[in-house]
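**Q** Please arrange chain P on chain V, whose structure you already have, making use of the hints.
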Amino acid sequence: MTPESINKGGGDPLETLASLGTHDVDPWRAETLRREAKARLERAHRLASRRWFVALRRTYRLALEPAFVYGLAAVHLCWTFQTVLSLWPR
Amino acid sequence: MEERQEQELVSRLRQGDGAAFDRIYEAFRPRVFSFLARLCGRRDLAEDLLQETWLRLASQAPELREDTRLGPWLFTVARNLFISQWRRQRYALDRQGELEGQQALSPGWISPFDLAAAGETERALERALAALPLSSREVILLVAIEHLEIAEVARALSLSPEAVRQRLSRARAQLAEHLATLEGRKETRQ
Numbered sequence: 001m002t003p004e005s006i007n008k009g010g011g012d013p014l015e016t017l018a019s020l021g022t023h024d025v026d027p028w029r030a031e032t033l034r035r036e037a038k039a040r041l042e043r044a045h046r047l048a049s050r051r052w053f054v055a056l057r058r059t060y061r062l063a064l065e066p067a068f069v070y071g072l073a074a075v076h077l078c079w080t081f082q083t084v085l086s087l088w089p090r
Numbered sequence: 001m002e003e004r005q006e007q008e009l010v011s012r013l014r015q016g017d018g019a020a021f022d023r024i025y026e027a028f029r030p031r032v033f034s035f036l037a038r039l040c041g042r043r044d045l046a047e048d049l050l051q052e053t054w055l056r057l058a059s060q061a062p063e064l065r066e067d068t069r070l071g072p073w074l075f076t077v078a079r080n081l082f083i084s085q086w087r088r089q090r091y092a093l094d095r096q097g098e099l100e101g102q103q104a105l106s107p108g109w110i111s112p113f114d115l116a117a118a119g120e121t122e123r124a125l126e127r128a129l130a131a132l133p134l135s136s137r138e139v140i141l142l143v144a145i146e147h148l149e150i151a152e153v154a155r156a157l158s159l160s161p162e163a164v165r166q167r168l169s170r171a172r173a174q175l176a177e178h179l180a181t182l183e184g185r186k187e188t189r190q
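Chains V and P, in that order, are what the protein sequence lines are.
Counted from 1, the first sequence has number 87 at position 87 by my numbering; the numbering is strictly sequential.
Counted from 1, the second sequence has number 188 at position 188 by my numbering; the numbering is strictly sequential.
Simulated from the structure, these hints should not be mistaken for lab results.
Misleading hints may appear alongside valid ones.
[What the hints assert, rightly or not] Derived DEER-like restraints, expressed as beta-carbon distance ranges:
| # | chain 1 | residue 1 | chain 2 | residue 2 | range |
| --- | --- | --- | --- | --- | --- |
| 1 | P | S59 | V | T22 | 19 to 29 Å |
| 2 | P | Q7 | V | Y70 | 29 to 39 Å |
| 3 | P | E120 | V | A39 | 37 to 47 Å |
| 4 | V | Q82 | P | S84 | 44 to 54 Å |
[Claimed, not checked] Simulated coverage check for chain V against chain P, where a stretch passes if three residues somewhere in it have a Cβ under 8 Å from a Cβ of chain P:
| # | segment |
| --- | --- |
| 5 | 12 to 18 |
| 6 | 28 to 34 |
Glycine is no exception: its CB is placed at the ideal position from the N, C-alpha and C atoms.
Isolated chain V (complex conformation) (with noise of 0.2 Å):
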């Protein structure tokens, strides 16, 4: 099948498609990063198994991060008021 019979009714295009070849990483990267990511993985089953880390983190993500981003970003709102503010004569 050529561009042209894709193209002039000779198929659909994204039929077509699904016979692209994939593509890959070198080798030599391929290993690499599998090593780097199980290592990954271990520490991350190391740290799942003490559950008191887990509750911690997942408090953390749940209460304590979104907390503190709020609560940074409504003072940053009130000091950019009072700054627009300063700025008209009483």
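**A** Same frame as chain V, now just chain P:
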């Protein structure tokens, strides 16, 4: 990979099984890399994002749900990482047009060896694909090449299934248009 086999691998991965990770890695690495390379049009960037995607999987393995589908999960993470990177670059360098332009008709991530080995049709399709706008390209890559379900693509792109169908239809028309343009250029050269 069959669904049952995939669930078994996910279950083992959640328990930190390195062999399960290896099998997943071998099965999905080329697919995720091809997806990223076609999405961003740069081999070096695709390699960095591929690394980050697998590190995310490794870090979040204990928290995966039992019914996690690995393909959609990996493609969603890879796509989100690319979008974050793309936004950072766009804001930092103010080069949105330049990025789009870089990808047009020039899939620079394909090595000269691959280009030589690829057939005429494959080269034309890669070029036409690279010339599509990002929103169309990501839908086409996930549906036509990775064979994800519309619902899975909708979740990955944070869109409704109807919006995905519309984008797909538009992308199909754009692809045909780009193929016609390429064909016209070829005829002009001859």
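**Q** Name the hints, by number, that the structure is in violation of.
**A** 4
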